[in-house]
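There are 2 protein chains.
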Amino acid sequence: MSDKRTEIGEIGEFGLIDHLSEKIIIKHNSTLRGIGDDAAVIEAGDHVKVVTTDLLLEGVHFDLSYAPLPHLGFKAVAVNVSDIAAMNAIPKQITVSIALSNRFSVEAVDALYSGINAAAEHYGVDVIGGDTTASRSGLVISITAIGDAKKEQLSFRSGAKVNDIVCVTGDLGGALVGLQILEREKQVYLANPEMTPELDGFQYVTGRQLRPEARMDIIHELREMEVVPTSMIDVSDGLASELFHICKASGVGVTIYEDKLPIDKQTFDTAVELNLDPITCVLNGGEDYELLFTIDQKDFSKLEKHPDIHFIGHVTKAEDGKLMVTKSGTVVSLKAQGWKHF
Amino acid sequence: MSDKRTEIGEIGEFGLIDHLSEKIIIKHNSTLRGIGDDAAVIEAGDHVKVVTTDLLLEGVHFDLSYAPLPHLGFKAVAVNVSDIAAMNAIPKQITVSIALSNRFSVEAVDALYSGINAAAEHYGVDVIGGDTTASRSGLVISITAIGDAKKEQLSFRSGAKVNDIVCVTGDLGGALVGLQILEREKQVYLANPEMTPELDGFQYVTGRQLRPEARMDIIHELREMEVVPTSMIDVSDGLASELFHICKASGVGVTIYEDKLPIDKQTFDTAVELNLDPITCVLNGGEDYELLFTIDQKDFSKLEKHPDIHFIGHVTKAEDGKLMVTKSGTVVSLKAQGWKHF
Numbered sequence: 001m002s003d004k005r006t007e008i009g010e011i012g013e014f015g016l017i018d019h020l021s022e023k024i025i026i027k028h029n030s031t032l033r034g035i036g037d038d039a040a041v042i043e044a045g046d047h048v049k050v051v052t053t054d055l056l057l058e059g060v061h062f063d064l065s066y067a068p069l070p071h072l073g074f075k076a077v078a079v080n081v082s083d084i085a086a087m088n089a090i091p092k093q094i095t096v097s098i099a100l101s102n103r104f105s106v107e108a109v110d111a112l113y114s115g116i117n118a119a120a121e122h123y124g125v126d127v128i129g130g131d132t133t134a135s136r137s138g139l140v141i142s143i144t145a146i147g148d149a150k151k152e153q154l155s156f157r158s159g160a161k162v163n164d165i166v167c168v169t170g171d172l173g174g175a176l177v178g179l180q181i182l183e184r185e186k187q188v189y190l191a192n193p194e195m196t197p198e199l200d201g202f203q204y205v206t207g208r209q210l211r212p213e214a215r216m217d218i219i220h221e222l223r224e225m226e227v228v229p230t231s232m233i234d235v236s237d238g239l240a241s242e243l244f245h246i247c248k249a250s251g252v253g254v255t256i257y258e259d260k261l262p263i264d265k266q267t268f269d270t271a272v273e274l275n276l277d278p279i280t281c282v283l284n285g286g287e288d289y290e291l292l293f294t295i296d297q298k299d300f301s302k303l304e305k306h307p308d309i310h311f312i313g314h315v316t317k318a319e320d321g322k323l324m325v326t327k328s329g330t331v332v333s334l335k336a337q338g339w340k341h342f
Numbered sequence: 001m002s003d004k005r006t007e008i009g010e011i012g013e014f015g016l017i018d019h020l021s022e023k024i025i026i027k028h029n030s031t032l033r034g035i036g037d038d039a040a041v042i043e044a045g046d047h048v049k050v051v052t053t054d055l056l057l058e059g060v061h062f063d064l065s066y067a068p069l070p071h072l073g074f075k076a077v078a079v080n081v082s083d084i085a086a087m088n089a090i091p092k093q094i095t096v097s098i099a100l101s102n103r104f105s106v107e108a109v110d111a112l113y114s115g116i117n118a119a120a121e122h123y124g125v126d127v128i129g130g131d132t133t134a135s136r137s138g139l140v141i142s143i144t145a146i147g148d149a150k151k152e153q154l155s156f157r158s159g160a161k162v163n164d165i166v167c168v169t170g171d172l173g174g175a176l177v178g179l180q181i182l183e184r185e186k187q188v189y190l191a192n193p194e195m196t197p198e199l200d201g202f203q204y205v206t207g208r209q210l211r212p213e214a215r216m217d218i219i220h221e222l223r224e225m226e227v228v229p230t231s232m233i234d235v236s237d238g239l240a241s242e243l244f245h246i247c248k249a250s251g252v253g254v255t256i257y258e259d260k261l262p263i264d265k266q267t268f269d270t271a272v273e274l275n276l277d278p279i280t281c282v283l284n285g286g287e288d289y290e291l292l293f294t295i296d297q298k299d300f301s302k303l304e305k306h307p308d309i310h311f312i313g314h315v316t317k318a319e320d321g322k323l324m325v326t327k328s329g330t331v332v333s334l335k336a337q338g339w340k341h342f
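These protein sequence lines are chains A and B, in that order. Here the working numbering is used: the first residue of the first sequence is 1, the next is one more, and so on. Here the working numbering is used: the first residue of the second sequence is 1, the next is one more, and so on.
One chain only, chain A, in its complex shape (with noise of 0.2 Å):
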């Protein structure tokens, strides 16, 4: 190791992923798709295993003084489902480690668990390991899910083609106004521990941010219409950062509408009473859990009438760059802002 720092912010983590993954060589027929996808491909028999994986620590992704330990337990299964559903995949099994500081008592990891053995219950995933052990810390979490497709059925991020149309699955941005919420209501309860949070009229906004659905119920929508969608991604960082990693993979471009971008009303409400663009939540909130993908135009008219799939854009040449048209009709670059953590 040379003198030399470099301090991880400066690259950022998407940087540090392509860094770190630059130096991977894939040695085995058997791993079909390594990093860069939501998640993993490797041979088994006739069908494939997909497989991802998430670490969540407290602090960073999630905060014990509002998340109740079952809806923790739920969305971290849910989160790894997600990137299982974004491949086009059925998940099957999922292994759960946990670190845990004293201050657990074992009913705690029993209310966490209830959460968990609940999201396993929902999404059909049998529990098959994992590891506990003490934390010196906070709460980690983390989960590895494995699932199951034929190798013909799967979507990657890299199958978009131009002229497909851009379909994104239910609402957008709740998750980070839910969030914003929280925090919110922390900050007045710490200022005085006497104050009730002031969560009525957000259930549905905070319910986004604290127990987000996979939707499974789509793949499996999509697997009875005989839909394959060309690519495939599920929306964690927001919808612009989702939009890029399929026209990396793809190498197109993408121009989408802003009068389609769908947004709840209590989204926007609560957007609003926050001071926060709502189309700026719909694009750059994470953690909305929903499915984002092409499909080719000869498939539009299964999907038409899908009340939960809105067509939001197509697909354009590489050339012709990632485009918003807005509600007034002016055309405007998109951006990437993302999550970040570091």
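Mixed in with the good hints, there may be bad ones.
Copies of one chain are not kept apart here, so a pair can be met inside one copy or by any two copies together.
Said to hold, decoys possible - Cut-off 30 Å, straight-line C-alpha distance, at most; resulting in silico cross-link-like pairs (BS3-like, lysine-lysine):
1. K248 with K186
2. K4 with K186
3. K151 with K27
4. K302 with K150
5. K27 with K150
6. K327 with K161
7. K317 with K260
8. K248 with K27
9. K260 with K305
10. K27 with K317
11. K305 with K151
I should point out that these hints are in silico values taken from the structure, not numbers from a laboratory.
Please build the complex by placing chain B on the supplied structure of chain A, with the hints as guidance.
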């Protein structure tokens, strides 16, 4: 959640794992084996995949004041490979998640990854994914390893039969003794930073602690000799504790012989210097990552001349208990002290 508060220390790490495992229901036929062995087993065409995961935290599992980052990276991979080996499977892929505090520079991350990549190269595994995030406190490393085997090649903890021979590879106790030396020299250094740590003459034991090897060499040799152990486990928590796991899972007892237990001369001498009983180090020292396994008597002749496999005892009926015959011929009950982080 009721108001009752049970400390984790009251039930211990194994107690907590048992408590949490009770509530887990396996639903998929493709989950062949869940919690309770060195790794889980899932169906994958005509082969099976074995899956294991480990969570390592700074201040609990390692101390960066004496663990060089490349060694730490190597060890983090090796301990997972060792769990795959303990199933008699071949590791193929790993995911690597790390959480980094801002005192880590990009160069430090590179040093850690140089060890991870060296181990991946050494054990022939592909790094297929992971997660990289910030940590508010220390370094966290979470690795999941996936291995491959034919179903009939697997060795579980549960297959030991009465009259099987108990085998252990390499030598034991070194990693514990090495840790004591590293801790001693750290205290000397903390008391007087101008003192240079005295590690001459302790290279073997400190190496056992800092950069252990997973015994994949043995797994490959067993395959060549067409020996499938009737049961197997890796020695991560100490020989006695691992023997208890095999006895419990197999419903058997065991008798081992003190004079057959393998100990390296440096381990022995250093233990004596540290006023530790060498046999206690062998029985209860953790982190040696050797393989403990049982074989059918018919396979003994195939392994008899192997220089690095030691025949330390035999399997008995459960009601005969777990015994050690000392050098003086006395029969004592084994105690599984294990390795406690809580």
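### 30 Å Cα threshold - placement of K161 relative to K327
Within one copy only: 26 Å inside a chain, 75 Å across chains, cut-off 30 Å.
### Task
Have a look at K302 and K150 and pick one of within, between, both or neither, based on CA distance no larger than 30 Å.
The answer is within: 22 Å in one copy meets 30 Å, while 42 Å across copies does not.
### Query
For the identical chains here, do K248 and K186 meet the 30 Å Cα criterion within one copy, between copies, both, or neither?
neither (39 Å within a copy, 49 Å between copies)
### Query
Between K248 and K27, at a C-alpha cutoff of 30 Å, which is it: within one copy, between copies, both, or neither?
Intra 25 Å, inter 39 Å, cutoff 30 Å: intra-copy only.
### Task
At 30 Å max between alpha carbons, let me know whether K27 reaches K317 within a copy, between copies, both or neither.
The answer is neither: 33 Å in one copy and 46 Å across copies each exceed 30 Å.
### Query
Should K260 paired with K305 be assigned to within, between, both, or neither, using CA atoms and 30 Å as the limit?
within (15 Å within a copy, 74 Å between copies)
### Query
Quick one: K4 to K186, C-alpha cut-off 30 Å, is that within a copy, between copies, both, or neither?
between (41 Å within a copy, 26 Å between copies)
### Query
At most 30 Å between C-alpha atoms: does K27 with K150 qualify within a copy, between copies, both, or neither?
both (22 Å within a copy, 21 Å between copies)
### Message
Checking an output row: K317 and K260, CA cutoff 30 Å. Within, between, both or neither?
### Response
within (21 Å within a copy, 71 Å between copies)
### Query
Which holds for K151 with K27 at a C-alpha limit of 30 Å: within a copy, between copies, both or neither?
Both. Shortest intra-copy (20 Å) and inter-copy (24 Å) distances satisfy the 30 Å Cα cut-off.
### Task
Evaluate K305 and K151 at a C-alpha cut-off of 30 Å and name the case that applies: within, between, both or neither.
Close inside one copy (28 Å), not across copies (47 Å); limit 30 Å.
Checked against the numbered hints given earlier, this structure breaks hints 1, 10; the rest are met.
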